[in-house]
Amino acid sequence: MTDDTRILDVRNLSVQIPVHGATLRPVRDVSLTVGQGETVAVVGESGCGKSLTALAIMGLLPRQAKLGCDALTLDGESLADATARRLRQLRGDRISMIFQDPMTALDPCYRIGDQMCEILRQHRKISRRDAMTRARDLLGKVGIPSPQERLSQFPHQLSGGLRQRVMIAMALLCEPRLIIADEPTTALDVTIQAQILRLLRDIQRETQIGLLLITHDLGVVAGIADRIVVMYGGEVVEVGTCDDVLSLPLHPYTEGLVHSIPVPGETKQGETLGYIPGVVPRQVGELHACGFVDRCPYASDICRAGPIAMRDAGGGRQMRCVLSVDGSGRDPAVWVMPDSADASPEREGVV
Amino acid sequence: MLITPQNPASVSVSPARVALGRALRHGGFWIGGVIIVAIILVAILAPLLTPHDPSVQDLSLRYVPPVWNEKGSWLHPFGTDNLGRDYLARLMYGARISLGIGVLTVLISGTIGTAMGITAGYWGGWPDMIINFFITVRLTLPVVLVALVAVALIGSSLWLLILVIGLLLWDRFAIVVRSATQQLAQREYITAARAIGSSTPRILFREILPNITGPLVVVASIEIAHAILLEAALSFLGLGVQPPDVSWGLMVAEAKSQLLFRPWMIAIPGTALVLLVFAINLVGDALRDVTTPEGKA
Numbered sequence: 000m001t002d003d004t005r006i007l008d009v010r011n012l013s014v015q016i017p018v019h020g021a022t023l024r025p026v027r028d029v030s031l032t033v034g035q036g037e038t039v040a041v042v043g044e045s046g047c048g049k050s051l052t053a054l055a056i057m058g059l060l061p062r063q064a065k066l067g068c069d070a071l072t073l074d075g076e077s078l079a080d081a082t083a084r085r086l087r088q089l090r091g092d093r094i095s096m097i098f099q100d101p102m103t104a105l106d107p108c109y110r111i112g113d114q115m116c117e118i119l120r121q122h123r124k125i126s127r128r129d130a131m132t133r134a135r136d137l138l139g140k141v142g143i144p145s146p147q148e149r150l151s152q153f154p155h156q157l158s159g160g161l162r163q164r165v166m167i168a169m170a171l172l173c174e175p176r177l178i179i180a181d182e183p184t185t186a187l188d189v190t191i192q193a194q195i196l197r198l199l200r201d202i203q204r205e206t207q208i209g210l211l212l213i214t215h216d217l218g219v220v221a222g223i224a225d226r227i228v229v230m231y232g233g234e235v236v237e238v239g240t241c242d243d244v245l246s247l248p249l250h251p252y253t254e255g256l257v258h259s260i261p262v263p264g265e266t267k268q269g270e271t272l273g274y275i276p277g278v279v280p281r282q283v284g285e286l287h288a289c290g291f292v293d294r295c296p297y298a299s300d301i302c303r304a305g306p307i308a309m310r311d312a313g314g315g316r317q318m319r320c321v322l323s324v325d326g327s328g329r330d331p332a333v334w335v336m337p338d339s340a341d342a343s344p345e346r347e348g349v350v
Numbered sequence: 000m001l002i003t004p005q006n007p008a009s010v011s012v013s014p015a016r017v018a019l020g021r022a023l024r025h026g027g028f029w030i031g032g033v034i035i036v037a038i039i040l041v042a043i044l045a046p047l048l049t050p051h052d053p054s055v056q057d058l059s060l061r062y063v064p065p066v067w068n069e070k071g072s073w074l075h076p077f078g079t080d081n082l083g084r085d086y087l088a089r090l091m092y093g094a095r096i097s098l099g100i101g102v103l104t105v106l107i108s109g110t111i112g113t114a115m116g117i118t119a120g121y122w123g124g125w126p127d128m129i130i131n132f133f134i135t136v137r138l139t140l141p142v143v144l145v146a147l148v149a150v151a152l153i154g155s156s157l158w159l160l161i162l163v164i165g166l167l168l169w170d171r172f173a174i175v176v177r178s179a180t181q182q183l184a185q186r187e188y189i190t191a192a193r194a195i196g197s198s199t200p201r202i203l204f205r206e207i208l209p210n211i212t213g214p215l216v217v218v219a220s221i222e223i224a225h226a227i228l229l230e231a232a233l234s235f236l237g238l239g240v241q242p243p244d245v246s247w248g249l250m251v252a253e254a255k256s257q258l259l260f261r262p263w264m265i266a267i268p269g270t271a272l273v274l275l276v277f278a279i280n281l282v283g284d285a286l287r288d289v290t291t292p293e294g295k296a
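Heads up: the sequence lines are chains A and B, in that order. Each residue of the first sequence is one higher than the one before, starting from 0 at the first, in numbering that gives the first Met the number 0. Each residue of the second sequence is one higher than the one before, starting from 0 at the first, in numbering that gives the first Met the number 0.
Since the hints were made in silico from the structure, they are not lab data. Please read all numbers here as calculations on a predicted model, not as lab measurements. The C-beta atom is built at its ideal place from N, Cα and C for all residues, glycine as well. Any given hint could turn out to be false.
Below, a sample of chain B positions facing chain A; criterion: calculated Cβ distance under 8 Å [stated by the list, open to error]:
hint, residue
1, Ser13
2, Tyr188
3, Asn210
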């Protein structure tokens with residue numbers, strides 16, 4: 000990808016949070032790019048730093064948190080150096096965000112139309128009447144029936160799926176360059192999830208915006224993402240195109256994730272699904288080994304000797320692992336464990 | 000998907016409307032509301048309701064008993080006081096001062112307390128610590144005593160009384176607003192508001208303030224009753240409302256020497272006070288009932 004089609008360029012982004020004398024480092028040296036018309040999925044389990052990465056890009060980190068990065072640019076403009084005023088101009092206009100829980104992300108005090116108008120009128124010189132028209136058009140575009148009536152309704156009168164559609168319409172109001180969707184379907188029913196994902200994909204294709212999709216669900220990623228960024232313990236552990244990563248995962252963590260997805264038709268009834276034992280370690284202080292070493296079935300002495308660097312795996316892929324890049328020496332069976340073993344994984348911390 | 004009613008627009012009622020609708024089905028709201036409205040109407044329409052001036056003395060008609068006493072007459076339904084002033088007229092005009100003090104002091108204390116509570120709740124950290132310190136200091140001070148000292152030192156006038164009470168009763172506002180704001184600040188729609196580029200004042204006034212109206216109204220109603228009682232207490236001690244102004248507390252104070260001989264002189268303004276405070280508390284309770292279970296998702 001050439002530099003001029005890059006919408007978002009993040010290089011070595013870190014977040015540090017001082018807590019009771021120690022320093023939490025929930026995001027470490029994360030680099031990622033989103034190109035024009037590209038959907039990039041950030042995947043990882045709870046607590047791996049996905050959402051904080053998104054908030055850091057938006058400049059919405061909690062006050063105590065400290066942001067560090069080599070570069071954080073939107074269309075070539077540095078977000079890290081922008082003034083608070085400039086950031087406010089950009090947010091909602093050039094870059095917008097869709098939140099995880101549509102039930103709590105809309106203000107219960109205002110009608111849908113008023114909330115949408117507010118965004119438009121904050122960023123554009125536009126009359127209230129025109130703003131309402133645009134809001135109504137967008138509600139129709141995201142597949143909301145009778146949009147005119149919805150404009151005058153309050154959030155509590157809408158179902159979860161409708162509200163998430165409203166959130167998407169709100170994110171689109173000012174024709175942003177980049178949309179960050181933080182687990183946009185987690186709070187929704189499975190049937191609605193599929194609809195919302197299809198909607199996001201269609202809109203993204205049509206408008207050629209960049210979409211940064213944050214999710215813990217590889218199933219969500221498969222149908223929609225161009226590239227996948229796998230995060231573990233605050234670090235990026237694998238980057239590659241969607242097909243590559245899902246068909247031949249290189250990092251053991253990704254491999255574990257892929258093997259824990261049931262495949263319709265292949266996974267037999269009663270068969271134990273694979274899973275990754277243990278939990279994400281607490282991210283305090285510097286790493287003195289591979290962050291995944293305690294949960295990795297392939298772990299060797301090299302992994303315990305020191306932190307592992309990101310390396311090129313060919314074909315535009317990158318991985319943070321010492322294993323071979325062609326997938327040899329792997330055994331999917333390591334992920335399928337007897338039911339009794341390790342039924343209650345203990346919380347392991349690398350402190 | 001939502002089951003679409005035939006005309007969705009017709010069911011778009013705001014949360015405030017929902018609360019009001021519930022209040023109108025609440026017995027306490029009706030009882031309290033009717034009493035308060037009646038007292039307010041009487042206070043406003045006093046010149047039309049009684050021919051007497053509350054401060055005109057008629058020394059030939061001192062201590063006329065009320066109409067239910069065998070010596071009473073309809074000319075002075077509640078009798079007259081020690082200077083021959085019509086007791087009903089004094090009661091009606093006194094309502095003006097009592098109500099006015101209640102509302103004005105709560106405007107002052109509500110503004111102070113809400114500003115402090117929002118600041119503490121939204122920013123947390125050291126602003127929160129400082130404001131908490133002020134709240135704690137304020138809570139250690141006995142209100143009546145401080146008001147007494149202030150009025151005794153500076154002198155007593157109606158406006159000073161309002162100011163002193165207003166500067167004392169902000170604590171409950173600050174505490175309630177602070178905790179309500181803390182809860183709200185965690186909500187995703189506040190983050191969402193920042194994510195669309197809203198400025199901090201905009202978030203405070205357009206997102207936080209409308210969403211804490213419920214608890215705010217409840218506290219305000221309780222504090223109005225509190226302020227009215229405080230004024231009565233200060234007036235009873237001679238440090239509140241000064242003649243020729245009348246307030247219900249002052250009427251109780253002036254009648255205290257007659258407690259054993261003409262008990263109605265204390266009972267009449269006393270009953271009025273009890274009724275007003277009771278009614279305000281009824282409405283306050285009703286408002287709390289209808290705003291707290293609000294299904295604000």
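Item to check | Violated hints - listed by number, lowest first | outcome: none
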